[in-house]
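So the sequences go chain by chain: U and C.
Numbering-wise (our numbering), the first sequence opens with residue 57 and increments by one.
Numbering-wise (our numbering), the second sequence opens with residue 35 and increments by one.
The set of hints was computed from the structure by calculation and includes no laboratory data.
Note that the Cβ used here is the ideal one computed from N, Cα and C, for glycine as well.
Please note: incorrect hints may appear among the correct ones.
Which chain C residues face chain U? A few, computed with CB under 7 angstroms, are given here [said to hold, decoys possible]:
| no. | residue |
| --- | --- |
| 1 | 112 |
| 2 | 118 |
| 3 | 128 |
| 4 | 146 |
Covered stretches of chain C, going by a simulated chain U footprint (3 or more residues, C-beta under 8 angstroms) [as the list claims (entries may be wrong)]:
| no. | region |
| --- | --- |
| 5 | 95-109 |
| 6 | 129-140 |
| 7 | 147-156 |
| 8 | 191-205 |
Simulated DEER-style distance windows between Cβ atoms [said to hold, decoys possible]:
| no. | chain 1 | residue 1 | chain 2 | residue 2 | range |
| --- | --- | --- | --- | --- | --- |
| 9 | U | 200 | C | 146 | 34 to 40 angstroms |
| 10 | C | 149 | U | 179 | 39 to 45 angstroms |
| 11 | C | 180 | U | 348 | 22 to 28 angstroms |
| 12 | U | 141 | C | 212 | 56 to 62 angstroms |
| 13 | U | 149 | C | 64 | 41 to 47 angstroms |
| 14 | U | 134 | C | 64 | 54 to 60 angstroms |
| 15 | U | 168 | C | 249 | 55 to 61 angstroms |
| 16 | U | 137 | C | 146 | 18 to 24 angstroms |
| 17 | U | 348 | C | 176 | 28 to 34 angstroms |
| 18 | U | 134 | C | 95 | 53 to 59 angstroms |
| 19 | U | 128 | C | 149 | 37 to 43 angstroms |
| 20 | U | 152 | C | 99 | 29 to 35 angstroms |
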Amino acid sequence: MQRLILAALLIALFTLPFTFASSVTIATLIFAKALAVLGIFVLLQAGQVSFGHGMFFAAGAYAAAYFGVVWRAPDLLVLTVAVIAISGVSGLIIGLFVSRYRLIFFSMLNLAFSMVLFALLEKLFHYTGGTDGMRIRRPSLMGYTFSRSDFDMAMFYYALILMVLCTGLVWLYLRSPLGQALKAVKVNETRLEYIGLSANHTLLVAYVFSAVLAGLGGLAFGLVQGLATPDLTFWTRSGEFVFIAVLGGIGSVFGVFAGTAVYEIVRFYAAALLDDSWQLILGITLIAVILTVPSGLIGLPARLRAAFGGARTNGKDKA
Amino acid sequence: MTAPLLSARGIQIRFGGVIAADGIDLDIFDRENLAIIGPNGAGKTTFLNITTGYLKPQGGSVTLNGREILGTPPRRITRMGVARAFQIPQLFTEHTVLENMLLSAAVRERIWNPLRPLSRIRQRAEMLDLLDLVGCADIADRLASELPEGQRKLVDIAIALAQRPKLLLMDEPTSGVATADKFGIMEILIKALREAQVASVFVEHDMEMVSRYASRVAVWSQGKIQMTGTPDVVMKDPDVIRTVIGG
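Isolated chain U, as found in the complex (with noise of 0.2 angstroms):
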């Protein structure tokens, strides 16, 4: 049942051009911020909240900015693979420093060392255009150059395949013995270093897995703007994948795509409707799903079957 439901949304999703064409863009989008999530997801598994993973979204979009300028056209799997190995680095050198502390500290560390790169991005004006940012030229993709409405086409299936993947990929992570491990990390740390691993690497790992998602998630947001600005590192937008990974549910790696989903439609739509108050509607949002579904979203048909004459489930929200 639950590969037919997977199997009808990745065919919903693919054809998604031929059949709702004006949600093309802001489909992107929800593509490239679930990337972000996952990278929330993968670090809450172990308990732990980044409020500054709005750094490595910012680094994906800057480096597509820089290799624009340095390469010109720079082919897009080129561009992807140096995004993937900045990424993963920055999220290794930073990871080295907040892989050691847990809860309010590493939420904290997270959050300065993002408002470093902010202030950074903002004051190195030269180099980074300052609170304008710097735009992203348009990369080819293997010799090929995109006009304007070929490249709205490729970028969203450029999105979307890289999120499958990338959820594909954290599924798998968190079956492995290293993703039960992360599990692990946020139950039993002596236990763990008792077995013969350490905490820290266990959780290191998963931190710079989860910057290069981040990072990906930025390029294809960035790319998608055409605009790489230090607000994408703003603590408002760490925390806001914070918010939706939470909103989706942090019990399966399908809430993150659900969570996202969700969050960009209350919010386009709640925008159109009420101007400057569309937060109210999404905290009002979260509110209700919190209160109803702790679980999150992707809790939600467990519970409404427990609900409504499911005699078979226990009342427990299985997610």
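With chain U fixed as given, assemble chain C onto it according to the hints.
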């Protein structure tokens, strides 16, 4: 006499005004079952914490097979063959019993392939056998957090055994286990240790357990070793009877 497996010399540690180890000298030999007894606060658990690298003493040395291990973190000492079970069971409470075991085995074998699910590692059968050995095969699929204290204790020991240690340190292995089951469990455990040729150290308050299952006893008193010897000698010593056994 053969060379000791683990050897502690002149261990000193104090916490503020409390002296938890005041010149501890102790050798632990291959395949023996050493019981540590002594009143509360004598420094028994502290000794386990030091030999597994959790605490660093202010003085002394600990060698494992002749190699100094002071300053080595617990995870390395574990990988060198010293496993530990705790007085308060340390489990991965959001995992099932079997997953706890599989994780221990996966770390032992360094299985880091991200494409292989933990539930399908090759050591699965071995871990099920080990659970069977400690009488926990029927609870393999239960969440560790749902278990009663006695079973948590056994699973904790099984996780340590999954490391295939040369030496197993246990802190009151059967406290919290129903009295009726205590001896049966210890019987199984000692037999399992003998079969696997694992030496053990266990902190114990139940003197009947000590006299039945220990091959040697060390008596702790105020951070010092008051006496070591075979159970029948130690348990008849008037000083030991007065300070530890009571009566």
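(request) Three residues minimum, CB to CB under 8 angstroms: does the region 129-140 of chain C make the cut for coverage by chain U? Let me know. (result) holds (count 6)
(request) Three residues minimum, CB to CB under 8 angstroms: does the region 191-205 of chain C make the cut for coverage by chain U? Let me know. (result) holds (count 4)
(request) Tell me if chain U covers the region 147-156 of chain C under the three-residue, 8 angstroms CB rule, please? (result) With 8 residues closer than 8 angstroms to chain U, the region 147-156 of chain C meets the three-residue bar; holds.
(message) Assuming the hint says 53 to 59 angstroms, is it satisfied by the Cβ distance from residue 134 of chain U to residue 95 of chain C or not?
(response) holds, 56 angstroms
(request) Could you say whether the range 54 to 60 angstroms given as a hint is met by the Cβ separation of residue 134 of chain U and residue 64 of chain C? (result) holds, 59 angstroms
(request) Could you see if the CB distance from residue 168 of chain U to residue 249 of chain C stays within 55 to 61 angstroms? (result) For residue 168 of chain U and residue 249 of chain C the Cβ distance comes to about 56 angstroms; the hint holds.
(request) Against chain U, run the beta carbon of residue 128 of chain C and see if the smallest gap drops under 7 angstroms. (result) Result: holds, 5 angstroms to nearest chain U Cβ.
(message) Does the beta carbon distance between residue 149 of chain U and residue 64 of chain C stay inside 41 to 47 angstroms, or does it fall outside?
(response) holds, 46 angstroms
(request) Could you tell me whether the CB distance from residue 141 of chain U to residue 212 of chain C stays inside 56 to 62 angstroms? (result) holds, 58 angstroms
(message) 37 to 43 angstroms was suggested as the range; check whether the CB atoms of residue 128 of chain U and residue 149 of chain C agree with it.
(response) holds, 38 angstroms
(request) Report holds or violated for the interface hint on residue 118 of chain C, using the least CB-CB distance to chain U and a cut-off of 7 angstroms. (result) holds, 5 angstroms
(message) Please check whether residue 137 of chain U and residue 146 of chain C have a Cβ separation lying inside 18 to 24 angstroms.
(response) holds, 23 angstroms
Of the numbered hints listed earlier, not one is contradicted by the structure.
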